[in-house]
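Asks: One letter stands for each residue in the lines below.
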Amino acid sequence: MRQSGYTIWLLTLSLAAATFGAIVYATGMGHIVVPGGDILRVIAARVTANPALLAGIDPVIPFVVFDVRLPRILTATLVGGGLAMSGVIYQGILLNPLADPYTLGVSSGAAFGAALALVANLSMMGHFSVPLFAFTGAALTLLVVLYLSSFNGQISANTLILSGVIVGAILAAGISFLKYLADEQVAVIIFWLMGSFASRTWMDVGVVTAALFCGLLLSLFYARDLNILSLGNRSADTLGVESTRVRWILLLSASMVTAVCVSVSGIIGFIGLIVPHLMRFLVGPDNRKLLPVSVLAGALLLLVADTVTRAVLPVEVPIGVLTALIGGPFFCVIFRRRQRRAI
Amino acid sequence: MTIAGGFALAGVSFAYGETQALAELDISLAPGRFYGIVGPNGCGKTTFLDLLTGAKSPDRGSVSFGNRPVAEYRRRDLARMVALVPQDFGIDFSFTVQEVVLMGRHPHIGRFASPGLEDWRQVDAAMAAIGISHFQDRFVNELSGGEKQRVVVARALAQQTPYLLFDEATSSLDVQYTMQIFNVAKRLVQEEGRTVIAVIHNLNLAAAYCDELIFMQKGHVAACGPTDTVLEAGTIKKVFGVESRVAFDEFSKTRQISFRYWS
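If you read the protein sequences in the order shown, they are chains A and B. According to this note's numbering, the residues represented by the first sequence are 1 to 343, in order. According to this note's numbering, the residues represented by the second sequence are 344 to 606, in order.
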């Protein structure tokens with residue numbers, strides 16, 4: 001099944017093209033159907049600031065396309081890419097194919113931080129308060145989970161997931177408590193927690209783009225080191241990798257990306273688990289190829305899932321619920337397969 | 344390919360929490376020799392190697408390499424001079440054998456560079472020397488324990504370092520592959536003047552290949568020196584607590600040890 005170098009380039013390019021195509025196609029879908037050509041004209045008109053391009057288009061269309069749909073669609077796309085990227089990093093560093101922002105409890109940590117900021121109405125850093133609190137929550141959770149699962153500097157694969165689940169459960173209780181405190185604000189928190197891309201703004205798009213861009217740049221810079229880290233700490237050290245430093249940099253950047261994703265979209269589970277798994281099957285474990293391909297595939301997958309909930313299903317199902325319904329069983333299959341191999 | 348000065352440890356102590364692993368160690372390892380480190384389980388052999396690679400820093404004392412403290416080297420620079428074949432090798436991801444051996448070239452390849460002709464030449468030579476070329480396209484996570492261990496040895500050879508450290512590198516290999524790996528190591532010492540420092544459990548193997556032996560016991564050096572002088576029944580009794588007889592063996596042309604296994 002493993003593809004060669006040339007086909008991997010082709011795969012990357014086709015995924016990029018498919019994602020772009022899907023963005024345009026999804027923007028046209030919904031209550032008001034907009035043809036693809038009109039969408040491109042609206043975007044071109046905005047980008048070049050040339051209203052002449054809008055000739056013959058219903059004046060409501062530019063608003064629908066540019067202010068309602070595109071921010072939501074782009075946020076979904078970027079969040080999908082970000083979660084998949086975090087999954088690749090967590091799995092690579094923790095040497096555990098079951099690790100992802102959701103199973104490690106990092107998403108819950110980010111959600112707790114963000115919910116805290118929402119309930120307490122903290123806005124000292126303006127628009128960045130929620131992402132900042134989410135990042136603090138995510139980073140602290142990661143530290144606690146790693147501490148719980150490590151003995152003598154070794155992290156065992158199964159205790160890691162177990163610790164993630166335990167800490168996640170405690171945080172879930174904490175979030176329930178915050179909901180209880182939130183009073184009339186409770187609906188906002190509940191809906192946000194279930195994961196949703198409804199009413200996203202260009203500000204959200206900007207924040208996620210910045211996080212994903214930095215995270216991807218850092219992880220690509222250290223991608224070969226990440227490959228070598230999969231040989232274990234001792235080997236990595238003697239192969240010239242500053243393993244402790246690289247590990248921390250990558251774990252923190254994955255947590256930062258996760259936190260930003262959670263802060264704009266709520267908890268969306270399993271994207272970071274499914275996508276790297278499928279892509280590793282196609283391109284192999286080399287992170288220099290795996291990272292870009294996973295980001296694109298994650299983007300495409302979440303965009304499609306969000307479009308299904310928005311424009312295909314009769315009622316809008318929260319996206320986090322949909323991904324958990326699909327991703328949960330997938331997790332069970334991988335878990336089962338690993339157990340069988342371990343025997 | 345030699346580094347003048349080799350390794351020197353002075354007054355080195357290291358503890359894991361309350362447990363003292365190494366105490367007041369003074370020893371120097373000269374270049375161009377085949378060193379064997381022997382001793383009972385848990386006597387600090389692996390910790391000793393970790394101090395040489397800089398993976399651990401001593402609590403007290405100094406570890407220097409080429410007259411400079413190991414801690415002052417950048418990891419990448421040290422990795423061009425010292426390679427380690429670790430004891431255990433677990434990997435969950437499906438890298439091919441060739442990809443893993445190529446990782447041995449990591450310290451020689453620039454961050455954004457691709458492996459060059461020389462890198463591929465070294466990878467091929469290392470795989471050929473250990474006899475694993477015929478399964479270079481298999482996935483390492485699907486290999487047997489012995490096959491994995493040979494891949495790790497090839498990776499360390501591809502690293503092309505003047506110093507090679509083996510941590511029980513042949514523990515899961517049969518006698519044929521064990522000899523193959525030690526023969527390669529011995530040739531590197533004799534023909535290219537490289538230095539091998541190997542933790543070895545099998546005393547006869549150590550006797551056959553090592554120029555110098557270091558007997559370790561409870562974090563101390565119990566005896567060290569040229570194999571011919573230091574390897575004797577008295578030392579073995581003191582360090583391992585077992586009776587033995589050491590005599591020159593005509594067939595193997597080395598000093599070999601016989602044990603009274605049970606009586």
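These are computed hints drawn from the structure, not numbers from a lab. What you are looking at is a predicted structure, and each value in this text was computed from that prediction instead of being measured. Treat each hint with caution, since some may be false.
Unchecked claim - Below, in silico cross-link-like pairs of lysine to aspartate or glutamate (EDC-like), each with a Cα-Cα straight-line distance of 20 Å or less:
no.	chain 1	residue 1	chain 2	residue 2
1	B	Lys-491	B	Asp-517
2	B	Lys-580	B	Glu-593
3	B	Lys-491	A	Glu-242
4	B	Lys-529	B	Glu-555
5	B	Lys-399	A	Glu-242
Asks: Against each hint, give a clear statement of whether it holds in the structure.
Replies: Consistency of the hints with the structure:
At most 20 Å may separate the alpha-carbon atoms for a hinted pair to count; Lys-491 of chain B and Asp-517 of chain B meet this at roughly 13 Å. For the suggested pair Lys-580 of chain B and Glu-593 of chain B, the alpha carbons sit about 24 Å apart, so the restraint of at most 20 Å is broken. Among the hinted pairs, Lys-491 of chain B with Glu-242 of chain A is inconsistent with the structure: their alpha-carbon atoms are about 24 Å apart, more than 20 Å. A threshold of 20 Å between alpha carbons decides the hint, and for Lys-529 of chain B with Glu-555 of chain B the separation of about 13 Å falls inside it, so the pair holds.
Restraint check: the Cα-Cα separation between Lys-399 of chain B and Glu-242 of chain A comes to about 13 Å, which is no more than 20 Å; the hinted pair holds.
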